[in-house]
Structures are given as C-alpha cells and as structure tokens.
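Student: Residue numbers (this note's numbering), protein chains in the order written: chain D, 206 to 587; chain U, 10 to 312.
These aren't lab readings, by the way, just hints derived from the structure by calculation.
A virtual CB, placed ideally from N, CA and C, is assigned to each residue, including glycine.
Please note that a few of the clues may not be correct.
As the list claims (entries may be wrong) - Here are the computed lysine to any residue pairs in the SDA-like style, where the Cα-Cα straight-line distance is at most 25 Å:
#, chain 1, residue 1, chain 2, residue 2
1, D, 422, U, 12
2, D, 422, U, 279
3, D, 254, D, 287
4, D, 563, D, 578
5, D, 422, U, 155
Said to hold, decoys possible - Listed next, with one range per pair, are the computed distances between beta-carbon atoms:
#, chain 1, residue 1, chain 2, residue 2, range
6, U, 156, D, 489, 33 to 39 Å
7, D, 586, U, 143, 29 to 35 Å
8, U, 290, D, 545, 50 to 56 Å
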Amino acid sequence: MNRMKHILTIVMILSVCFSINVLAQQPPVVIGLQGPLTGAEAIEGEMAKQSVETAAKMVNEKGGVLGGRMIKIEVVDDACQPRAGALAAMKLVSMKEVVAAIATYGSSVTQPASDIYEKFKKVNIAYGATVTHLSERGLQYFFRTCGRTDTQGIFFAEEVVPYFKAKRVAIMHDNTSFALGLAEEARNAALAVGNIDVVYFDAITPGESDYTVPLTKLRETNPEVFYFTGYFPEAGLIIRQAREIGIDAVFVGGDAAINEDFIRIAGLEYAAGCYMTQEALIEYFTNPEAMEFKAKYQEAYGSLPSSPWPVYAADALMVLAEAIDKSGSTDSEALVNYLKNEMTEFPSITGPIGFDEKGDRVGTGINLYVVNTDGNYSIVKI
Amino acid sequence: MKIIIEQLLNGLTIGSFYSLIAMGYSMVYGVMKLINFAHGDFFTFGSYLGYTLLVMGISYVTSTLGVWGGMIAAMLIAAIGTGILGIVVERIAYRPIYPAGRLPAVVSALGASIFIQNAIMVIWGPRPQAYTSEVIPGYILNIAGFRINILQIIILLLSFLLMGILYYIVQKTTFGAAIRASALDRETAALMGININLIIFFIFALGPALGGTAGVMVGMYYRKISFIMGWNFGLKAFTATILGGIGNIPGAMIGGLILGVLEMLGSTYVSTAYKDVFVFLVLILVLIFRPTGILGEKIAEKV
Chain D
206 MNRMKHILTI
216 VMILSVCFSI
226 NVLAQQPPVV
236 IGLQGPLTGA
246 EAIEGEMAKQ
256 SVETAAKMVN
266 EKGGVLGGRM
276 IKIEVVDDAC
286 QPRAGALAAM
296 KLVSMKEVVA
306 AIATYGSSVT
316 QPASDIYEKF
326 KKVNIAYGAT
336 VTHLSERGLQ
346 YFFRTCGRTD
356 TQGIFFAEEV
366 VPYFKAKRVA
376 IMHDNTSFAL
386 GLAEEARNAA
396 LAVGNIDVVY
406 FDAITPGESD
416 YTVPLTKLRE
426 TNPEVFYFTG
436 YFPEAGLIIR
446 QAREIGIDAV
456 FVGGDAAINE
466 DFIRIAGLEY
476 AAGCYMTQEA
486 LIEYFTNPEA
496 MEFKAKYQEA
506 YGSLPSSPWP
516 VYAADALMVL
526 AEAIDKSGST
536 DSEALVNYLK
546 NEMTEFPSIT
556 GPIGFDEKGD
566 RVGTGINLYV
576 VNTDGNYSIV
586 KI
Chain U
10 MKIIIEQLLN
20 GLTIGSFYSL
30 IAMGYSMVYG
40 VMKLINFAHG
50 DFFTFGSYLG
60 YTLLVMGISY
70 VTSTLGVWGG
80 MIAAMLIAAI
90 GTGILGIVVE
100 RIAYRPIYPA
110 GRLPAVVSAL
120 GASIFIQNAI
130 MVIWGPRPQA
140 YTSEVIPGYI
150 LNIAGFRINI
160 LQIIILLLSF
170 LLMGILYYIV
180 QKTTFGAAIR
190 ASALDRETAA
200 LMGININLII
210 FFIFALGPAL
220 GGTAGVMVGM
230 YYRKISFIMG
240 WNFGLKAFTA
250 TILGGIGNIP
260 GAMIGGLILG
270 VLEMLGSTYV
280 STAYKDVFVF
290 LVLILVLIFR
300 PTGILGEKIA
310 EKV
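One chain only, chain D, in its complex shape:
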C-alpha cells in the first residue's frame, strides 16, 4: 500500500513536470529586428537591440502572448546601408518563424527593406525612418512608431524661427534621404510661412573631418539661425568649426543631432546653447510603461538610451506583441487589420499609439531642446 502511494506520488510529480515541460515547449513567437549593428551608426543599432530586448522582457514577464508563448528576438545587421538593408530584410523574410519585423533605423535603408517586406507580406515597423514619402507609397505592411520629417520641418519654420525672432535662415544637410528630406521640408515650410529668407541651402559630405569650406561659404551669407539636419558626429564637428571661423548664428540641430556624443565632439563650451528640434527623449516620460522600461533598461545596461529612436523600436515590439495577442494570430493580414483599425491609444512606452491608413503613428510631439551649460538638455517652452 505504502509502495503504491510512492509510485502514485512519483507519477503525479512526473506528470506535473511533464505538463510544465509542455507549456515551456510552446514555440516562442519570433520577431525580427533589423538595425545598424556595425558601421557609423552602430551605436543606434546596439541601443535598439537593448531596448527591444528590454521590451520583450516586459512582455514575457507578464506571461508572453497567445496564452503563454514567449517573445524571441532575431537580430539582423544592416550597417545603415541600403544594400545591406535589402539583404538583411531578405534574411528575415527567409526565416519562416519570424512573424513580423522591426525595421529599421535609417530612412535610406528602410526604403528598399520595406519593399522587400511588402513583397513577402510581412508587417514591418520602422523606428527611426522619418522621411515623409516612405508612407506615401501605398504600402500595406509598412508602419512606423516614429514621426515624419514634415511635422518637424513645419515645427522649425512655424515655431522655432519666430521664437528667435529671426529672418535669415541657413539650412545644411548631408544628402542622406533623412537629412535632405528634413531640410527640404523645413525650407518648404519656411517659404510657406513667408517673412523668412532661406539664405543658404546646401549639402556636406558625411564622414569627413573638415567642413570649413562649406562653413566659410555659409558665413558669408550671414544667417541668424543655422539649421543642420544631419547626424551627430558631423553636427559636433560642424558647430565647433563654425564657431572657430566666427559664425555666431543660433545653431539648431535636427533630431539626428541630439546625442551625448554631440557634446563630447563639439566640446561643452560650444555645445552649450545649441538647440535641437527633437522627439521627446525617454527620460522625460513618466507614464507607467515608460517607468518600467527605464527601470529595466537601467538595471540591465547601466544608463538610458541616449537618443529617442531605440525607444521607438521598443514601442514597435510592444505594439506587435499587443496586436499578436489581441488578434490571436501571427498572420500578417490579421496584424495589419488590427494595427490599422482596432489599435487606438494603446498605452506604449512613449505614450498612446495608434496608426492611420498609411501606417504612420497618430500623435507624436516635437519639442525644442537646448543644451545647458552642465551638458544636459532641457525643453524650451515655445
């Protein structure tokens, strides 16, 4: 009798173990992340990976999706180059288990990549690609959690320039899709506003060390506001070299210029007093999702993401998890339907998220930031 009891107990323990095993063996839901892990923007890719993993942890700790399936991330590198981006997208769509992609950071990379995702009917959510025309191509499966450059350009022309009571504006970009796009939006908006003279509009070549020639030309046009729409490594060099050759216009950077590295390269004596038009950084959010994200990220990596884009990647993961869970499916059509028609004001890390027919996020705010003398940023009230 005693022996029977023992056997029964063992069987019961075994069966419990077995059933747990069955639960744990439910295949994970794999979501792809395409980002620049190497190349000049490698730091953005690294932070995006960390952010998405943090967000996945948040979802998984609450029990995953579809009744207990965990989220798994599959990362591919696109080096922020269009050709590598197309290859990375091909790699992700060729993996059968990948249900959707978070792709990608650069606008010029997102363009070919999103075409491939479209062709293979995979939902893809860009997290740093802000060029306007990306969502004007009639794509079905393309979304983005970041804003568009046209809102930023309009903000620059309608709010920032009047704030400085300026008339003469110089706009400089670096010929990448993103920077050129933002520069053109800003110029068009300035022309539309009237009363603003765009006295300088030209490009520099990114990745170089010496920008004194274009800056000398810019100096001769004597602007009051100098808007640079390129990326932070160049922005840091440019503000330093501009001040050294005697340009004293108000320096305003676009949303790729804000970064702690901008201050390190420019030096605090030149960086202080520079302005940026920018999506809100994670440190300014206080909603519960953001607080949880910040705590988890800080615990794992020691500091917060120094630019807003990685957090939009994390947002993309939250959005995808929600869509998969609520629609009860990993099928692309069901996800698109849910994202476009049923998701409104989903409480994500950077605030409520919904998508319009084109896949653009509904409701993102742009702010004007200033670099303080202690090297931190604060929002300028306009």
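Based on the hints, put chain U in the right spot on chain D.
Tutor: Just chain U, lined up with the frame of chain D:
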C-alpha cells in the same frame, strides 16, 4: 582675399596630414614594392592610442605633464605604439608571403586593413570618440580679422619638422643611402652587404610611426575620431603618394601638401560636393600624363 588665405592655411594643414601618412606609403612601396593598404589603419590606431592616453588617462597625463606636455607625450607614445604595430603586421601578414609575389602581399595588406579596423572597433567601440576640450583647449587667435587656430600652426611646424628629419635621414646619412639603394634594387643591395632585414624593420617602424603621429594630430585638430577614418585619409594619402611619385620621399611630402591645398581651393571655388571628385581627377590625370608622378624617378633607371 580673406577666404583664400584662410583656406590656404586649412589646405596646408590637411595637406600636412596627408604628407605624413603618404611618407609611410612611399617608403614601404619604395623598398618592398608593396602598397601597404593597412597604412591608413595604422593612422587610426595611432589616433586611438593618443585618445587612450589623453582622454581616458586624463587625470594622470595632463596633471603630471601639463596640456602641451600631455599632447607631446601622446604623440610620442602613439608613434612608438604604431611603430610596433607596423613591425608586428609586417611579421605576421607580409613576411611569410613575400616569396609568393606582389599581388598576394597586396591582398594580405587589404586583409590586415580590415582586421585592424575591426579590432579598433571592438576595443574602443563603434561610436566616434572625441579628444575632449578638457585635454585639448581651443586657442583661436584673432589677427587683423583672420581667425587662426594655434594648433594649426603647431601642427604645420611639427609635421615640417618630422618630414625634415626623415628627409635628412634618407638623403644625407649612410643608412639613408642604404635605404635608397634597397629601393633601387633589393637583391643587388643585399649582395653589396646591406642588411635588408634591418632596412625593412626600419621602414615598417618609421612609416607607421609617422602615420600614428598624424593620427594624434588629426584628433587634436578635429576632435572627432572614428574607427573608419583611416580609409578616407589613407586613400587621399595614397593619391598624394602617386601625385608626388611613388617611392619618392620628397615627392610624398609635396604631393600631400599640393593635394590638401587643391582640395580646399577646389571645394571653395568649384563645389564642396565635388571635393573628392577633384582629388581623384588629379590622380587620373597624373596617371595618364605623368605616371611616375611629379618627382618620380625616370623608368629608364630601372632598366
């Protein structure tokens, strides 16, 4: 007028960087007939060594030696460190395959370039680093409306000094004569009792050392350094080498300076966007009309 003088000075400064790097290319090519594509990455490595010493060891180096002492120490140590790297790379990547001919050596040089570049990325991280203003203060002089960066003057003087020393060694000393003899004909020079291994050792230490020093200067002047910058500077310096006459040391100096000034004036008066087009157009023209470069030796000498 003001612009042209400012741009001439800028052009000379950037040209002196090209010259310093170009001399390493030229020396190695002269003796080994090898285009050392890893040379641009030696330059990057030197820049990061200087960064490590100045910025990461900031409290120690600048507090004991002062700002200028710290800069000189950084350049010295970068020169020594890069020289050692040069020797190591020669031993590992080039020496075992010299017998296989010149093409495998060039391929190996490309491999070494990619390896060093990625090693730098792994060690110091992918983000661009900066020589921060705490260690390199900015000194802008305002003389009669001209804004002149004191660092520019120092860099110019220092590179001319280094180039002068190298020129003296190569042209006026017995050892220099041995280098020139090896450049002319390595086998015969060896038969005449010249220690070829010592010559190779010397050029592979000195060329990278000059490149490494240039790396620290670039860091001090522009502040921003990144692990991929060696390619751009290396390519320009290589063009300078061809322009001056590959294998010719004064040629490398002059080629670098001409290229720097051409680049600056070209982008001021033609277009910034075509800056590199301008530089490589010069390269193509030189290759078509004077393949031996401005100061290149006559081909007949080799026959």
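Student: With reference to the structure, classify each hint as holding or not holding.
Tutor: Outcome of the hint check:
1. 422(D) / 12(U): Judged against 25 Å, a Cα distance of about 9 Å means the pair holds.
2. 422(D) / 279(U): holds, 12 Å
3. 254(D) / 287(D): holds, 19 Å
4. 563(D) / 578(D): Answer violated: residue 563(D) to residue 578(D) is near 41 Å, above 25 Å.
5. 422(D) / 155(U): holds, 15 Å
6. 156(U) / 489(D): 33 to 39 Å: holds, 38 Å
7. 586(D) / 143(U): 29 to 35 Å: With Cβ atoms ~32 Å apart, the hint holds.
8. 290(U) / 545(D): 50 to 56 Å: holds, 52 Å
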